Amino acid sequence: MQFSLKKSKEQTSSLPLVPAWHPNFRNYARLPDTKVVRTAFFVNGAAVFLAIAALLFFAYREYTLNALNNQIASWNAQIEADRGPSNEAVALFRQFQTEEKIITEVAAFTLTRLTLSDFLLHLGQTLPTNIAISAFEIRDTGITLRAVVRGAPDRASGQATAFVDQLRKDSKYGALFSDVTPTNVNRDPGTGRLLIELVLKFKPEEGAKP
Amino acid sequence: MSLTGQDLVALLKKHPIGIGCGLAAFVLAGASYYRMDLIPAAETLLEQRASEGEKLKNNLKNSVLLKEQHDALVAANREISSRAIRIGALTTNLQYFYRIEAETETKLVDVRQLAPAPVKGPAPKYLRVPYALSVQGPYSNVINFLRKLETGSHFCRVTSATLNPVPAADTVAPGTVTLTLSLEVLGQP
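Chains as they are written, first to last, in our numbering: chain A, 229 to 438; chain B, 2 to 190.
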């Protein structure tokens with residue numbers, strides 16, 4: 229036989245209730261409901277909240293969609309109004325480009341380093357008294373000048389050097405040349421005058437390959 | 002236990018607000034879900050339309066003075082065209098040089114129109130027509146001849162030039178120089 233201090237379930241349930249000290253005459257069916265807030269209130273509240281939230285969400289999205297559609301309609305109207313004039317402008321711009329291309333072509337043709345007649349006139353105006361140009365040649369790469377220097381040989385060579393410096397520092401055309409070099413200096417055996425040959429090398433044009 | 006129609010009606014009568022609102026929420030949620038893709042699609046369409054509209058608007062804005070500018074270019078090109086020589090009109094072209102020769106009192110020793118260099122790609126509107134010429138005369142007259150060529154009615158550029166004195170002889174006045182030029186004149190085919 230086992231002994232236990234814990235009461236068994238059968239024993240607990242079989243214990244007699246404490247007898248009321250007076251008889252219970254309450255009629256529970258007729259008593260008022262004392263529950264302050266009904267469960268139905270919360271259920272209804274949640275349902276109403278959900279319905280309002282869904283309605284607001286739906287209305288907001290419809291409003292947004294309507295606004296977008298209005299903007300699209302506005303742009304469509306604007307596009308339809310602008311399309312014709314825009315197409316005309318684009319066609320005119322193509323014609324403009326064609327005309328511009330011709331102008332650019334002609335501008336490239338007329339754009340030269342120097343106007344030869346201007347250069348020769350300038351050279352004549354700035355030529356030192358004792359120096360006379362005997363020959364002149366211009367090419368793409370530069371200018372070759374042949375000149376005669378009058379006077380005694382010692383002074384003539386000094387004048388030739390001064391002329392080279394003058395050409396290098398010429399305010400109007402000096403910047404066109406990368407270098408001015410005397411390539412040949414001789415005395416003319418017949419006249420005794422100094423014959424010089426100068427090469428005025430053009431600077432490479434901008435954008436030209438070195 | 003199963004719900005009969007009467008039970009449902011009774012339930013509806015018992016909880017009209019809760020059931021009505023629940024149904025409405027369900028329907029609205031379904032409608033929102035059903036129309037969910039419309040807003041992104043409308044946004045994409047709006048972006049396209051706005052982009053196209055802005056492009057057209059810019060075209061119009063930038064073309065305000067285009068007509069005047071185009072007209073000015075057309076007028077300039079008409080002027081250029083009138084100043085370009087016709088390659089085939091050989092006698093008329095040479096007449097231009099002879100007229101300058103007469104005006105400057107020089108002597109054209111030689112003048113030749115050469116064939117233009119072949120051009121790659123599409124035919125250009127204008128060609129560079131090369132000329133080789135040699136002119137003799139007093140220095141100032143020769144320079145005057147050159148100046149008239151460079152600033153004359155036809156577009157002309159000197160590609161190479163050689164200026165040399167002519168040795169004194171019975172037929173040549175002292176101080177006479179020879180200018181040998183290689184030119185390019187703007188021409189039309």
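Heads up, a few of these hints could be off.
Unchecked claim - With beta-carbon atoms standing in for the labels, derived distance ranges: (1) Asp38(B) / Pro313(A): 32 to 40 Å; (2) Pro117(B) / Arg341(A): 17 to 25 Å; (3) Pro190(B) / Thr332(A): 13 to 21 Å.
Source of the hints: derived by calculation from the structure; they are not laboratory data. Since we're looking at a predicted model, the values are computed, not measured. Note that beta-carbon positions come from the ideal geometry of N, C-alpha and C, so glycine has one too.
Hint-by-hint comparison with the structure:
{"no.": "1", "hint": "Asp38(B) / Pro313(A): 32 to 40 Å", "result": "holds, 36 Å"}
{"no.": "2", "hint": "Pro117(B) / Arg341(A): 17 to 25 Å", "result": "holds, 22 Å"}
{"no.": "3", "hint": "Pro190(B) / Thr332(A): 13 to 21 Å", "result": "holds, 19 Å"}
In the structure shown, no violation is registered for any of the earlier numbered hints.
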